[in-house]
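Colleague: So you can see what is in the structure, the chains are spelled out below.
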Amino acid sequence: MARLVLIIDDEEDIRQVAALSLETVAGWDVAVASNGAQGIQCALAQRPDAILLDVMMPDMDGPTTFRELQRLFHDNPIPVLLLTAKVQGPDQRRFADLGVTAILAKPFDPLTLADQIRMVLGWSD
Amino acid sequence: MGAEEQFKQQLRKLWLSALPMHLERIRALESALNSLDNLSAAQQEEARSAAHNLAGVLGTFGLQEGTEIARLFEEVFSSNPVQAPAGLQTQLDELRRLIETHHL
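From first to last, the protein sequence lines are chains A and B.
Numbers in our numbering are just positions in the first sequence, counted from 1, shifted up by 36.
Numbers in our numbering are just positions in the second sequence, counted from 1, shifted up by 3.
Chain B extracted, bound-state conformation (with noise of 0.2 angstroms):
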């Protein structure tokens, strides 16, 4: 095995080991969507920060159509009041489709 494809499987191992981390960024964002009529502080700053975080990451694991959804979101969450443009549930399903069905 050449050394960029030993890099490439545990870049893979590391994808896998965070999955569960992403997947729980998904739900706080879920969580805050559902609850933007009555979103108190705290549960702003926890969808802005998994934001932030899967923007970060997601291109780094080659999602960067990720990364960009992901933005959107850190920006919706940052706005203060929210922002919340129309069409937000579906970009997060496809946040979410993209995280599960990413394979490096």
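Chain A with its partners taken away, still in its complex shape (with noise of 0.2 angstroms):
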């Protein structure tokens, strides 16, 4: 079976062009969520691999629902990978301490994106 990203990213684009990546690139299965609170149902009703999770949106943002996600999968987390343009310094040691599994820089290249993916969780497909 295919395996389930989850991403969630209040930017259509930004949604579109990575779920492309991943599907062509990759062959993974994709569901996508365009706020946090959307993204956690998405979560609770698809429990997907791995969730690529937008730093900046309205309302919910990325470290509010990855403590949301925190909470609701405690004992199965899902791992869950940071999209931020803040990869340096104070903002990425304040992501990091959050217990995120990895931050992504964003933009990021849509040919490497799944490969940055699988390197960090150790996925070899």
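Treat the hints as calculated values from the structure; they're not laboratory data.
Treat the hints with caution; some may be incorrect.
Simulated restraints on C-beta separations [claimed, not checked]:
| # | chain 1 | residue 1 | chain 2 | residue 2 | range |
| --- | --- | --- | --- | --- | --- |
| 1 | A | Asn112 | B | Glu103 | 41 to 51 angstroms |
| 2 | A | Glu104 | B | Arg30 | 32 to 42 angstroms |
| 3 | A | Asp161 | B | Ala89 | 46 to 56 angstroms |
| 4 | A | Thr100 | B | Pro84 | 27 to 37 angstroms |
| 5 | A | Asp111 | B | Arg30 | 46 to 56 angstroms |
| 6 | A | Gln77 | B | Ala89 | 42 to 52 angstroms |
| 7 | A | Asp97 | B | Ala45 | 14 to 24 angstroms |
| 8 | B | Leu26 | A | Thr148 | 26 to 36 angstroms |
| 9 | B | Met24 | A | Gln82 | 25 to 35 angstroms |
| 10 | A | Thr148 | B | Lys16 | 15 to 25 angstroms |
| 11 | A | Ile114 | B | Glu97 | 33 to 43 angstroms |
| 12 | B | Glu103 | A | Arg107 | 37 to 47 angstroms |
| 13 | B | Gly90 | A | Pro113 | 43 to 53 angstroms |
Just so it is clear, CB atoms sit at the ideal spot from N, CA and C, and this is done for glycine as well.
Hints in hand, dock the two standalone chains.
Modeller: Structure, rendered in structure tokens:
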């Protein structure tokens, strides 16, 4: 069965490019959500293998969404990869302190996004 | 057609479908830039958000230089009060040119 990756990002074009990349380049299944609340509902319903989570979103931002995911999936956590333009200095430390699996730089290269995810999650497929 | 070329073709379609949205974001930046002396909070937030979106997406379509310029505008419209360095109109013109002439 193909892996399922959930993309949570408020920007439609980012969701589309990331989904195209993961479906076409890696052959994974992709679910998308345009905000944190919708992403959490989607995670509960579909239990993805990994979540790609944007940091800056209105209403419920990435860190808040992540903490809620941590609470809900406390016994069996889903790897969460934060997607952010702020990958240096204090921001990176702040995000790393949250306990996310990895921090990926935005903008990303759609041709290598799947490889980045494979590498940090140790996936061989 | 190879898988990579197929992928690039789909990416090109996404770029073309998103192009009007990118240009709309440019217009939001231009409008804010033209109103710097009397910028409302809503207009500033719209410009900041437009710049943030452009910064996040342009590099993904291979326009890294566009991302860098958009980051500059994000920084400008995140400052309060707005600190606008000289030459922003030139930067904005360049950003528009990059977007309008970009071919994947």
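Colleague: A separate judgement is required for each hint: does it hold in the structure or not?
Modeller: Hint check results:
1. A:Asn112 with B:Glu103: 41 to 51 angstroms: holds, 48 angstroms
2. A:Glu104 with B:Arg30: 32 to 42 angstroms: holds, 36 angstroms
3. A:Asp161 with B:Ala89: 46 to 56 angstroms: holds, 52 angstroms
4. A:Thr100 with B:Pro84: 27 to 37 angstroms: holds, 28 angstroms
5. A:Asp111 with B:Arg30: 46 to 56 angstroms: holds, 49 angstroms
6. A:Gln77 with B:Ala89: 42 to 52 angstroms: holds, 48 angstroms
7. A:Asp97 with B:Ala45: 14 to 24 angstroms: Holds - the Cβ-Cβ distance for Asp97 of chain A and Ala45 of chain B, about 20 angstroms, lies within 14 to 24 angstroms.
8. B:Leu26 with A:Thr148: 26 to 36 angstroms: holds, 28 angstroms
9. B:Met24 with A:Gln82: 25 to 35 angstroms: holds, 28 angstroms
10. A:Thr148 with B:Lys16: 15 to 25 angstroms: holds, 20 angstroms
11. A:Ile114 with B:Glu97: 33 to 43 angstroms: About 42 angstroms separates the Cβ atoms of Ile114 of chain A and Glu97 of chain B, which means 33 to 43 angstroms holds.
12. B:Glu103 with A:Arg107: 37 to 47 angstroms: holds, 46 angstroms
13. B:Gly90 with A:Pro113: 43 to 53 angstroms: Holds, since Gly90 of chain B and Pro113 of chain A (Cβ atoms, about 48 angstroms apart) stay within the stated range.
In this structure, none of the earlier numbered hints is contradicted; all agree with it.
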